[in-house]
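Letter by letter, the chains look like this.
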Amino acid sequence: MKAIAFRTDKFRDDFSFANSEYGIRRFPFPFHEDKYMYTVNIEPHTAGPVGSVFEFEIDVDEHYVAEMRDRALVLNEDPLRCQALPHMMMAQWDLVELLMTNMAKDYPDQFSLTKNGAQWRWINRPLEIDQTFIFGDPATLPYPPMEYITRQSQGDFCLIDQRDGNLWMDAGMVTTQADWSLDFDIGMNFMEWHGPVPIAHESGVFDRALKFLLNLQVGRPVRRLNWTMTINPRLDTSPENYHKWGIDRSTVNPGNVGEKVHLRVELQGLWRLPRSNAILFTIRCYLLRLDEMITVPKWARRLHRVLKTLPPELVDYKGLSRYRDTTIEWLSKFDDGAPTSAGIGPD
Amino acid sequence: MTGGSELAVRVSDVTSVAQDIKRFRLEPVAGPLPTFSAGSHIVVSMFASDRRIRNPYSLMGVGGASAYEISVLRTANSRGGSIFMHEHVTKGTELIISQPVNLFPINHTGRKHILIAGGIGITPFITMAHQLKALDQPFQLHYAARSQERSAYAQQLKDLYGDRVFLYRDNEGHSIPLEALLKNQPLGTHLYVCGPEGMINGVLKTGLAAGWPKESLHAERFLAPPSGKPFTVRLVRSGLTVRVDEHQSILEAVEAVGVNAPYLCRGGACGQCETAVVACDGQIVHNDNYLDPDVQKSGAAIMICVSRLNGSELALNL
Amino acid sequence: MLVSGIKSRPKYATLEPDPFAIFNLVLVEGEGAGAAARLLESADHQFRTRTTVLYSGSGQAADCLSSFQIHRMQFLPTIETLLIRLDGFLTTATMGIRLYVAGTEGFIGQVIQHAERFAVDHKSIITEHCGSLARRIQCVHCKGITENVTTNVARCGHCGVNLLIRDHYSRRFAAFMGVSTDAEAPGVLPPIQEMFR
Chain A
1 MKAIAFRTDK
11 FRDDFSFANS
21 EYGIRRFPFP
31 FHEDKYMYTV
41 NIEPHTAGPV
51 GSVFEFEIDV
61 DEHYVAEMRD
71 RALVLNEDPL
81 RCQALPHMMM
91 AQWDLVELLM
101 TNMAKDYPDQ
111 FSLTKNGAQW
121 RWINRPLEID
131 QTFIFGDPAT
141 LPYPPMEYIT
151 RQSQGDFCLI
161 DQRDGNLWMD
171 AGMVTTQADW
181 SLDFDIGMNF
191 MEWHGPVPIA
201 HESGVFDRAL
211 KFLLNLQVGR
221 PVRRLNWTMT
231 INPRLDTSPE
241 NYHKWGIDRS
251 TVNPGNVGEK
261 VHLRVELQGL
271 WRLPRSNAIL
281 FTIRCYLLRL
291 DEMITVPKWA
301 RRLHRVLKTL
311 PPELVDYKGL
321 SRYRDTTIEW
331 LSKFDDGAPT
341 SAGIGPD
Chain B
348 MTGGSELAVR
358 VSDVTSVAQD
368 IKRFRLEPVA
378 GPLPTFSAGS
388 HIVVSMFASD
398 RRIRNPYSLM
408 GVGGASAYEI
418 SVLRTANSRG
428 GSIFMHEHVT
438 KGTELIISQP
448 VNLFPINHTG
458 RKHILIAGGI
468 GITPFITMAH
478 QLKALDQPFQ
488 LHYAARSQER
498 SAYAQQLKDL
508 YGDRVFLYRD
518 NEGHSIPLEA
528 LLKNQPLGTH
538 LYVCGPEGMI
548 NGVLKTGLAA
558 GWPKESLHAE
568 RFLAPPSGKP
578 FTVRLVRSGL
588 TVRVDEHQSI
598 LEAVEAVGVN
608 APYLCRGGAC
618 GQCETAVVAC
628 DGQIVHNDNY
638 LDPDVQKSGA
648 AIMICVSRLN
658 GSELALNL
Chain C
666 MLVSGIKSRP
676 KYATLEPDPF
686 AIFNLVLVEG
696 EGAGAAARLL
706 ESADHQFRTR
716 TTVLYSGSGQ
726 AADCLSSFQI
736 HRMQFLPTIE
746 TLLIRLDGFL
756 TTATMGIRLY
766 VAGTEGFIGQ
776 VIQHAERFAV
786 DHKSIITEHC
796 GSLARRIQCV
806 HCKGITENVT
816 TNVARCGHCG
826 VNLLIRDHYS
836 RRFAAFMGVS
846 TDAEAPGVLP
856 PIQEMFR
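Residue numbers (the working numbering), protein chains in the order written: chain A, 1 to 347; chain B, 348 to 665; chain C, 666 to 862.
Calculated from the structure, these hints are not laboratory results. All values reported here derive from a predicted model rather than from experimental measurement. No residue lacks a Cβ here, since even glycine has one placed at the ideal position from N, Cα and C. Mixed in with the good hints, there may be bad ones.
With a cut-off of at most 25 Å between alpha-carbon atoms, the simulated SDA-like pairs for lysine to any residue come out as follows [said to hold, decoys possible]:
#1 Lys-561/B with Asp-683/C
#2 Lys-561/B with Leu-210/A
#3 Lys-788/C with Pro-196/A
#4 Lys-318/A with Lys-808/C
#5 Lys-530/B with Ile-791/C
#6 Lys-244/A with Gly-809/C
#7 Lys-676/C with Thr-456/B
#8 Lys-211/A with His-633/B
#9 Lys-561/B with Gly-165/A
#10 Lys-530/B with Arg-715/C
#11 Lys-211/A with Arg-836/C
#12 Lys-561/B with Asn-215/A
#13 Lys-459/B with Ser-789/C
#14 Lys-211/A with Pro-381/B
#15 Lys-244/A with Asp-847/C
#16 Lys-788/C with Gly-535/B
#17 Lys-552/B with Ile-791/C
A short, non-exhaustive set of chain C residues, derived as facing chain A with CB atoms under 8 Å [what the hints assert, rightly or not]:
#18 Ser-673
#19 His-806
#20 Val-826
#21 His-833
#22 Ser-835
#23 Ser-845
#24 Glu-849
#25 Ala-850
Extracted from the complex, chain A is given alone in its bound form:
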């Protein structure tokens, strides 16, 4: 019996967000060494250590209920955060199957899925949902299939069509993004939607990644970590609302770094979907406040060193410019120069 103590976090207004001790220890710290540079860094998405964010294909954690509440608020203000081009319906159903199957298998106390031919019954206890529907018939669900299930799953989801030897971002639910717009990017191909990312293009990272993904096979998902930083535990750091949250970046001072500055890590997963041949790209966002992070001495030392040596194009692209120096100064108190162990885990 595996109960999850769901928290009542707020990702806006009073920002009353925190990680439990368990939440801190399992945080996917993204740096395996004391500096950072882009690599393809894709690895098989196989079962990781018990209790880690890699244990299951789809991770459900203590912030689940609070994140779903925030998603509903975002969608209420801006429905364009969830869109699907018309030809992606089959991929939407593939996604319903993948999420429901994984969540019910790995969190049986919270979710269950029973099938009677095409008639499926989905129970989501934390959100008090009991839904019977016909798999394949959109009229039997209260929302279009992708929207329906992603309103009940943490992280952002992109459905990517494969055609013409390329990948096309043709559907998505994107409410916890680090600053890119689904509405603007929908319909773009792989190189186009990655256009704004600096440096990586020159080193051929995207050419290799595209070739690899075009050959992604069913049953062989992969994952990688990406990172940035956010001021206040705000999930919705979208370009659409940037003119409202951008100001937060200028509110950091030496006295509030620990409380305001957050490390924001994306666990990205990629699956080949069976019926549509599309690729599912998930971006699962984890937030860690810096005064929570420093309870792990290795992470405090390492983040200090990573930020100090980060190339200027990355500082700019990741939006760190205004508060990077203040943050480095604050972190220096926790860096005694001692060596750090390899790998991402706490010592």
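Assemble the complex: chain A is given as a structure, and chains B and C must be docked to it using the hints.
Okay, now just chains B and C, sitting in the frame of chain A:
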């Protein structure tokens, strides 16, 4: 990544469906079979007396889970895969198959789909037609075969899809009116062809000549690795030297000595087996549909699943 | 946020006749007339008899295009009316047609945008950029389009936010992205420079 992971299956039925064509029904030894997208194929491994043969076959039918169905045309080709299937594989035979791979998917943005099948090339369209009908997408299937006796599944397809299916028999003097077909199709129509190499090349050439953009034309080529004169391959990293026989591909030859080179489609189309050439005593014969012409010309890389050497020794970075 | 140097902005070529097309539709605006004239000059009689030109721009350039013997030439007073005619043509067009576009980036983008709605593959459209580099931009905040932007920073014509003009381009909107430039320090704008003339 070497192929996908492999699956063990047992043949539960073998039926003759047309002259020289048998259908094999494959059931899993353990666990359900993965669902697959229309146009997918599997690579079947057969253990012949002296070696392992691997051939790709399109998945027919609907989606998987309990069984896969494939159809095999017996050809007198010397590699022996189809002969092996026809003569040695019966109900109860166990085989190893790859996970489904899709190099011939439906273009979902298409507004109408024209499917052109030649002979055994009908097989990928069985699932494609089913999926297009389920999606309510307009389509036509034009199926040419040498004779009625050789037209596997013709009646079933007519029964299922009615006047969307057009049948042509060479021996009755019919042929697909390709130019007329290409003339008045609405914008957003996609064309898919599967059949003998010559037919595919003809259809694609006619399509382009009719002003269709290349993105609207799709082909599935079951490129069996062509035969050729034997030669030696030196594997620089493994420190092994191996002989590639007349009817054996480089990939098969290196696998036979225990080197696990990456592969996926085994038909020269997907790029997975691209290998760097270290040295070459002779002329590389590129038989693939993947490398850029400049790369082929430079001789810097070779697709080892289908390409060969006309010469004595090829040194590879394997 | 970076303004320039990104790899994904659209690229244009030169207009060259596709001998395989069953019919050619040439969409021209303003200074694009020169490119269209060169296209018709370099093509043979067969090509021209299968070609219609839709042109919006100056009378002089129109005269030069009229001198060619083609299937049909139509002059439209504005880009908007040209696009209406384009939609009409595409409604009954069949596979095998080829589209050629010459003019400003905003014009090319809108033609491609309309053509994509009729399932014409954008990669099959032959384009040549002529004339101004002024940009159509979409304000990511209110989604409004502002035309003819030539500076690195411009006010959104709909919601008034000061926008930094980026190189990130959407075919669907036929526009570059504009994002608030003074969100982090309100009222503090970077030096305004003319960038896209």
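Hint check:
1. Lys-561/B with Asp-683/C: holds, 13 Å
2. Lys-561/B with Leu-210/A: holds, 21 Å
3. Lys-788/C with Pro-196/A: holds, 22 Å
4. Lys-318/A with Lys-808/C: holds, 23 Å
5. Lys-530/B with Ile-791/C: Satisfied, since the Cα-Cα distance of roughly 21 Å is no more than 25 Å.
6. Lys-244/A with Gly-809/C: Satisfied, since the Cα-Cα distance of roughly 18 Å is no more than 25 Å.
7. Lys-676/C with Thr-456/B: holds, 23 Å
8. Lys-211/A with His-633/B: Roughly 21 Å separates the two Cα atoms, so the pair holds.
9. Lys-561/B with Gly-165/A: holds, 12 Å
10. Lys-530/B with Arg-715/C: Satisfied, since the Cα-Cα distance of roughly 15 Å is no more than 25 Å.
11. Lys-211/A with Arg-836/C: holds, 24 Å
12. Lys-561/B with Asn-215/A: holds, 21 Å
13. Lys-459/B with Ser-789/C: Status holds; Cα separation ~18 Å.
14. Lys-211/A with Pro-381/B: holds, 23 Å
15. Lys-244/A with Asp-847/C: Status holds; Cα separation ~10 Å.
16. Lys-788/C with Gly-535/B: Given pair Lys-788/C, Gly-535/B holds - Cα atoms ~13 Å apart, limit 25 Å.
17. Lys-552/B with Ile-791/C: holds, 21 Å
18. Ser-673: holds, 3 Å
19. His-806: Result: holds, 5 Å to nearest chain A Cβ.
20. Val-826: holds, 6 Å
21. His-833: For His-833/C, the interface hint holds, since the closest Cβ of chain A sits about 5 Å away, which is under 8 Å.
22. Ser-835: holds, 5 Å
23. Ser-845: holds, 4 Å
24. Glu-849: Holds: closest Cβ of chain A sits about 5 Å from Glu-849/C, inside 8 Å.
25. Ala-850: With a closest approach of 6 Å, the Ala-850/C hint holds.
Consistency note: the structure conflicts with none of the earlier hints.
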